[in-house]
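Please put together the full structure from these sequences, using the hints given.
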Amino acid sequence: MLSVVSSASRTSLFGGARVSAVSLARAHFTTGNVVASSDAAPGDEVKPDMKLLSRLRKETELSIKHVRTALIKTNNDYDLALEELRKLGASVAAKVSGRSMGEGLVFSFVKASDASSSLMMEMSCETDFVAYSQLMQKTSTSVGERLRAIYEASPSVTAGALRSATPSEELTTDPEVSASMHELVGKLSENIALQRAVLLKAPRGGLVGSYTHLRTAEDIGGRLSASVVFAPAAPVEEDFTPSEELKDFANKVAQHVVGSTGPGAVGVTVADLLEQPFLFDPSTTVANLIKKHAQSTPGGLELAGFERFDVGVGPAFALASGESSTEASN
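For the sequence shown, position 122 matches number 131 in my numbering, and the numbering has no gaps at all.
Derived from the structure by calculation, the hints contain no laboratory data. Please note: incorrect hints may appear among the correct ones.
[Said to hold, decoys possible] No farther apart than 35 Å at their CA atoms in a straight line, the calculated lysine-lysine pairs in the DSBU-like style are these: (1) 56 x 82; (2) 82 x 120; (3) 256 x 300; (4) 104 x 82; (5) 120 x 96; (6) 104 x 56; (7) 300 x 261; (8) 96 x 82; (9) 82 x 256; (10) 74 x 60; (11) 82 x 147; (12) 261 x 74; (13) 147 x 120; (14) 301 x 261; (15) 120 x 67; (16) 74 x 104; (17) 120 x 60; (18) 104 x 60; (19) 301 x 120; (20) 147 x 104; (21) 74 x 96; (22) 74 x 120; (23) 120 x 56; (24) 56 x 74; (25) 104 x 67; (26) 96 x 147; (27) 120 x 261; (28) 67 x 147; (29) 74 x 147; (30) 82 x 67; (31) 60 x 82; (32) 300 x 120; (33) 256 x 120.
Rendered as structure tokens:
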């Protein structure tokens, strides 16, 4: 029997001290004259090195104003200036932590090599302009891949758990994730939070599928997203790489979840989903199509669970074992 991590028994997968505020924003630097350090002659004003300014602008994507101020403050010391810029978001966390975050995006990142796992996450922010910005998409991708690595190295996943999740307040205790969130807020000047994340991991011989509504080549996130996880009906010992046809079918089942369930998929079980007419072929059921595609796999195929994320709603999930949950989002 496949083991499952329930939401009630979740434990932190992240080491290190907690970050007191996930939502961070840019610091406000004084723009007046700055007295030169001891390296400059008395009365001289430190002027930013233009090559360093250009380099830091390119590397951090921050405004000229902030990069200029950091260079002046550190007397054109690249490392110290970079450190100043990295502190940009944390320095005013208290000022923005209470701001309402009514917008955001949800993401499903499937492991491209073998479709063995899907990392789902929600990023909340104040405006849709920021939500759909290239920087939000880029940072969300890097954060998602980092979270996947953390989850897949955890004892619960290595022991065979289909679903693993972490309390929202513990998501940014990882230094790399925390630094990415600091930089994101410093650049976009909004209250932004990594709201939730979950990993669906298929056992050997299985696969995952995902679908994000209104996703485009440029926008990898959307307002709602779903992932499904398939497991073999019988144990599989050899490595299994699903065909492109099977991957496409798994993704369509995830799209079916989005199209055939309400917000958060509240109250919908795996058994319910299996008996529904398939979204792309109403003449047959989801269960019948799974049986058809199972013939191309070494151990058969069963729908083991699914999860749906809606911005501001959830998370809701259902597993074939009977476990399910619907929780209020922040």
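Going down the list of hints, with the structure as the test:
no.: 1; hint: 56 x 82; verdict: holds (10 Å)
no.: 2; hint: 82 x 120; verdict: violated (43 Å)
no.: 3; hint: 256 x 300; verdict: holds (15 Å)
no.: 4; hint: 104 x 82; verdict: holds (23 Å)
no.: 5; hint: 120 x 96; verdict: holds (32 Å)
no.: 6; hint: 104 x 56; verdict: holds (30 Å)
no.: 7; hint: 300 x 261; verdict: holds (15 Å)
no.: 8; hint: 96 x 82; verdict: holds (13 Å)
no.: 9; hint: 82 x 256; verdict: violated (53 Å)
no.: 10; hint: 74 x 60; verdict: holds (15 Å)
no.: 11; hint: 82 x 147; verdict: holds (30 Å)
no.: 12; hint: 261 x 74; verdict: violated (47 Å)
no.: 13; hint: 147 x 120; verdict: holds (17 Å)
no.: 14; hint: 301 x 261; verdict: holds (14 Å)
no.: 15; hint: 120 x 67; verdict: holds (30 Å)
no.: 16; hint: 74 x 104; verdict: holds (20 Å)
no.: 17; hint: 120 x 60; verdict: violated (39 Å)
no.: 18; hint: 104 x 60; verdict: holds (33 Å)
no.: 19; hint: 301 x 120; verdict: holds (24 Å)
no.: 20; hint: 147 x 104; verdict: holds (25 Å)
no.: 21; hint: 74 x 96; verdict: holds (15 Å)
no.: 22; hint: 74 x 120; verdict: violated (39 Å)
no.: 23; hint: 120 x 56; verdict: violated (47 Å)
no.: 24; hint: 56 x 74; verdict: holds (13 Å)
no.: 25; hint: 104 x 67; verdict: holds (27 Å)
no.: 26; hint: 96 x 147; verdict: holds (20 Å)
no.: 27; hint: 120 x 261; verdict: holds (17 Å)
no.: 28; hint: 67 x 147; verdict: holds (15 Å)
no.: 29; hint: 74 x 147; verdict: holds (23 Å)
no.: 30; hint: 82 x 67; verdict: holds (19 Å)
no.: 31; hint: 60 x 82; verdict: holds (16 Å)
no.: 32; hint: 300 x 120; verdict: holds (24 Å)
no.: 33; hint: 256 x 120; verdict: holds (11 Å)
The structure shown violates the earlier hints numbered 2, 9, 12, 17, 22 and 23.
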